[in-house]
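Below are the chains, spelled out letter by letter.
Protein chains: 2
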Amino acid sequence: STLHSRFRMSSGPSFSDHTPVAEKPKTLVRDDAKSDEESMRVRFEKMIRSAQDDICAQVEALDGCKFKEDAWVRETGGGGISRVLQNGNVFEKAGVNVSVVYGTMPPEAVAAASARGVTRDVGYKPGEPVPFFAAGISSVMHPRNPFAPTMHFNYRYFETDRGLWWFGGGTDLTPSYIFEEDAKHFHSVLKECCDRHDKEYFPKFKKWCDDYFLIKHRGERRGLGGIFFDDLNDKPADEIFKFSEDCASNVCSAYLPVVERRKDSEYTEEHKRWQQLRRARYVEYNLVYDRGTVFGLKTGGRIESILMSLPLTARWEYDHSPEPGSWEARSLEAMKNPKDWA
Amino acid sequence: STLHSRFRMSSGPSFSDHTPVAEKPKTLVRDDAKSDEESMRVRFEKMIRSAQDDICAQVEALDGCKFKEDAWVRETGGGGISRVLQNGNVFEKAGVNVSVVYGTMPPEAVAAASARGVTRDVGYKPGEPVPFFAAGISSVMHPRNPFAPTMHFNYRYFETDRGLWWFGGGTDLTPSYIFEEDAKHFHSVLKECCDRHDKEYFPKFKKWCDDYFLIKHRGERRGLGGIFFDDLNDKPADEIFKFSEDCASNVCSAYLPVVERRKDSEYTEEHKRWQQLRRARYVEYNLVYDRGTVFGLKTGGRIESILMSLPLTARWEYDHSPEPGSWEARSLEAMKNPKDWA
Numbered sequence: 001s002t003l004h005s006r007f008r009m010s011s012g013p014s015f016s017d018h019t020p021v022a023e024k025p026k027t028l029v030r031d032d033a034k035s036d037e038e039s040m041r042v043r044f045e046k047m048i049r050s051a052q053d054d055i056c057a058q059v060e061a062l063d064g065c066k067f068k069e070d071a072w073v074r075e076t077g078g079g080g081i082s083r084v085l086q087n088g089n090v091f092e093k094a095g096v097n098v099s100v101v102y103g104t105m106p107p108e109a110v111a112a113a114s115a116r117g118v119t120r121d122v123g124y125k126p127g128e129p130v131p132f133f134a135a136g137i138s139s140v141m142h143p144r145n146p147f148a149p150t151m152h153f154n155y156r157y158f159e160t161d162r163g164l165w166w167f168g169g170g171t172d173l174t175p176s177y178i179f180e181e182d183a184k185h186f187h188s189v190l191k192e193c194c195d196r197h198d199k200e201y202f203p204k205f206k207k208w209c210d211d212y213f214l215i216k217h218r219g220e221r222r223g224l225g226g227i228f229f230d231d232l233n234d235k236p237a238d239e240i241f242k243f244s245e246d247c248a249s250n251v252c253s254a255y256l257p258v259v260e261r262r263k264d265s266e267y268t269e270e271h272k273r274w275q276q277l278r279r280a281r282y283v284e285y286n287l288v289y290d291r292g293t294v295f296g297l298k299t300g301g302r303i304e305s306i307l308m309s310l311p312l313t314a315r316w317e318y319d320h321s322p323e324p325g326s327w328e329a330r331s332l333e334a335m336k337n338p339k340d341w342a
Numbered sequence: 001s002t003l004h005s006r007f008r009m010s011s012g013p014s015f016s017d018h019t020p021v022a023e024k025p026k027t028l029v030r031d032d033a034k035s036d037e038e039s040m041r042v043r044f045e046k047m048i049r050s051a052q053d054d055i056c057a058q059v060e061a062l063d064g065c066k067f068k069e070d071a072w073v074r075e076t077g078g079g080g081i082s083r084v085l086q087n088g089n090v091f092e093k094a095g096v097n098v099s100v101v102y103g104t105m106p107p108e109a110v111a112a113a114s115a116r117g118v119t120r121d122v123g124y125k126p127g128e129p130v131p132f133f134a135a136g137i138s139s140v141m142h143p144r145n146p147f148a149p150t151m152h153f154n155y156r157y158f159e160t161d162r163g164l165w166w167f168g169g170g171t172d173l174t175p176s177y178i179f180e181e182d183a184k185h186f187h188s189v190l191k192e193c194c195d196r197h198d199k200e201y202f203p204k205f206k207k208w209c210d211d212y213f214l215i216k217h218r219g220e221r222r223g224l225g226g227i228f229f230d231d232l233n234d235k236p237a238d239e240i241f242k243f244s245e246d247c248a249s250n251v252c253s254a255y256l257p258v259v260e261r262r263k264d265s266e267y268t269e270e271h272k273r274w275q276q277l278r279r280a281r282y283v284e285y286n287l288v289y290d291r292g293t294v295f296g297l298k299t300g301g302r303i304e305s306i307l308m309s310l311p312l313t314a315r316w317e318y319d320h321s322p323e324p325g326s327w328e329a330r331s332l333e334a335m336k337n338p339k340d341w342a
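Going line by line, the protein sequences match chains R and A. Start counting the first sequence at 1; every next residue gets the next number (the numbering used here). Start counting the second sequence at 1; every next residue gets the next number (the numbering used here).
Any given hint could turn out to be false.
[What the hints assert, rightly or not] As a list, the in silico DSS-like pairs of lysine-lysine whose alpha-carbon atoms are at most 30 Å apart:
1. K298(R) <-> K26(A)
2. K336(A) <-> K216(R)
3. K66(A) <-> K272(R)
4. K272(A) <-> K66(R)
5. K24(R) <-> K216(A)
6. K216(R) <-> K68(A)
7. K242(A) <-> K272(A)
8. K263(R) <-> K184(A)
Hint data in this document are derived by calculation from the structure and do not stem from the laboratory.
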């Protein structure tokens, strides 16, 4: 669920409006706000860019290979920085994107967000386009070893020019093979992080994640979940900001120890094949259901940044199902029936 | 563009209603119509089942491997026969499906079809569910050799219980590497076939195909096109039936000589890589845009039959673009700018 252009429906596709820049700008926030260091726009961009730096540095330390960086700006303001590590030692493909979007959305989109839980009065006339600002970090990491899980995270902040705002995000794990201790570690770190901010967060956001990542036509989740939230604005923005920041800065401690533990495990061709079949499910979810991906593709986001979430390779075999009772079958079962890991 | 459940929106998902049968039924048409040998329902089912037999036999003769068959029936009548050849000598994955669907659709769906060109008055009350019958054959074949192109075809007949009807279908080619003589042969066979029935068909259906298979977010077609038509009912049904039958029976003469010519060509890892990158585009098109696939997945079609269209394997590299002037670049160019091959 990348943030790209989720609300750019009104401005229409503009696939070419991503001008590469050799030197990435100090800020992607427009002039009118960038001098206000206290503004959430500036603070959030700083936070996600610093998270991008930290996370990429930790991943590089583990992998031994470097991310390749692409930065771009858009005519109407905003832009992004994509970092991708492909064909690494540990990661087949890992990407961490930051982006800042200025756009307009129809007032119905604001109304839809309100219906989902954002309750502030907006005061726009029917049909009046609503200018908005959005900033987010999003990432997917696909390791090479079939026993090392894929991980996705995404944290975003959204604000209209007249003061409506909300936060969204989440972190989730997608193994091909289930290891209880890995799932437990990952979920526990997320739970501790949530609990530091609100004891109700983890159970609520854990369930939201299980519901959100359902591949409906398969009756399976994409993976073993984690946390997911959207339209969050029922506390002071500063508190939710700190929660988002805490989540982003715990991605590595939740995920990298698991990769560390599995990255050098021996595996067979059969293990690799099952990983490839599961990666095809990842593709199915992202291209068919993921809101960020689908809207991004249809409304002019930067294609390569959006699709960096797809695995390097995937495999579709007709009517494949794992041997009953096998590790593969047990892993699949865990995607069908979410349980509490933390 | 499989036919599955394109109009089953009103009956909702029912993923489990596909009961496997060991022996395939003589007909999938319900009792009430099957004794009427003159009815289009019976004639169309016969035609597509015989096309399935013929095409599979020709493909088996070329490949040396056999199709695996799955037949199923549905509680409400209808069912299907899927044939898949996987890991063959020539084909990595080839599938030919036949299906017969009984369902109901909201009258707005009839209205939408009317807006697209089906002009008969229907006489249903607003909101009244419209029972329909649909039958179709659909197929995708992905060869192993990167110089041998993928091919898709699909012919379908649709009828409501009160006499509204139309035909749809098409045949199209998706090479990774362009060979002018292959494109020319393929398009010429389709043109000759169209010309036997109506001189206006080929130019019209060729353009329709180029428009339909556009991967909008890439600004590329899925392949080099062919023919595509929908909502066809502006001639006597018998004439359009004969046209559809002629198209289906020319699939092999359009396609197999091309595969024969390329199947044993030597190739490098780089050629295979480009094929895999192009197959990822095939996946993107089918999962994001293809009407039959997306509606089928969301409304309860038989998942494995719908997704048999996906390649065995595919590859997504971040920000890949072919060397300017290379064969790969020229092939891509041909997907961006359709031309007349016939």
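- Taking 30 Å as the top limit, are the C-alpha atoms of K24(R) and K216(A) close enough? Roughly 29 Å separates the two Cα atoms, so the pair holds.
- Task: Given the hint that K263(R) pairs with K184(A), test it: the Cα-Cα distance must not exceed 30 Å.
- Result: At roughly 49 Å apart (the allowed maximum being 30 Å), K184(A) and K263(R) break the hint.
- Pair hint K272(A) and K66(R), alpha-carbon separation not exceeding 30 Å: Holds, at roughly 26 Å.
- Query: Given the hinted pair K298(R) and K26(A), is their alpha-carbon gap at most 30 Å?
  - Reply: With a Cα-Cα distance of about 44 Å, the restraint between K298(R) and K26(A) is violated, given a limit of 30 Å.
- 30 Å limit on alpha-carbon distance, applied to hinted pair K336(A) and K216(R): violated (33 Å)
- Satisfaction of hint between K272(A) and K242(A), Cα-Cα up to 30 Å: violated (39 Å)
- 30 Å limit on alpha-carbon distance, applied to hinted pair K66(A) and K272(R): holds (26 Å)
- Taking only the CA atoms, is the gap from K216(R) to K68(A) under or equal to 30 Å? holds (27 Å)
Figure legend: structure checked against the earlier numbered hints; hints not met, in rising order: 1, 2, 7 and 8.
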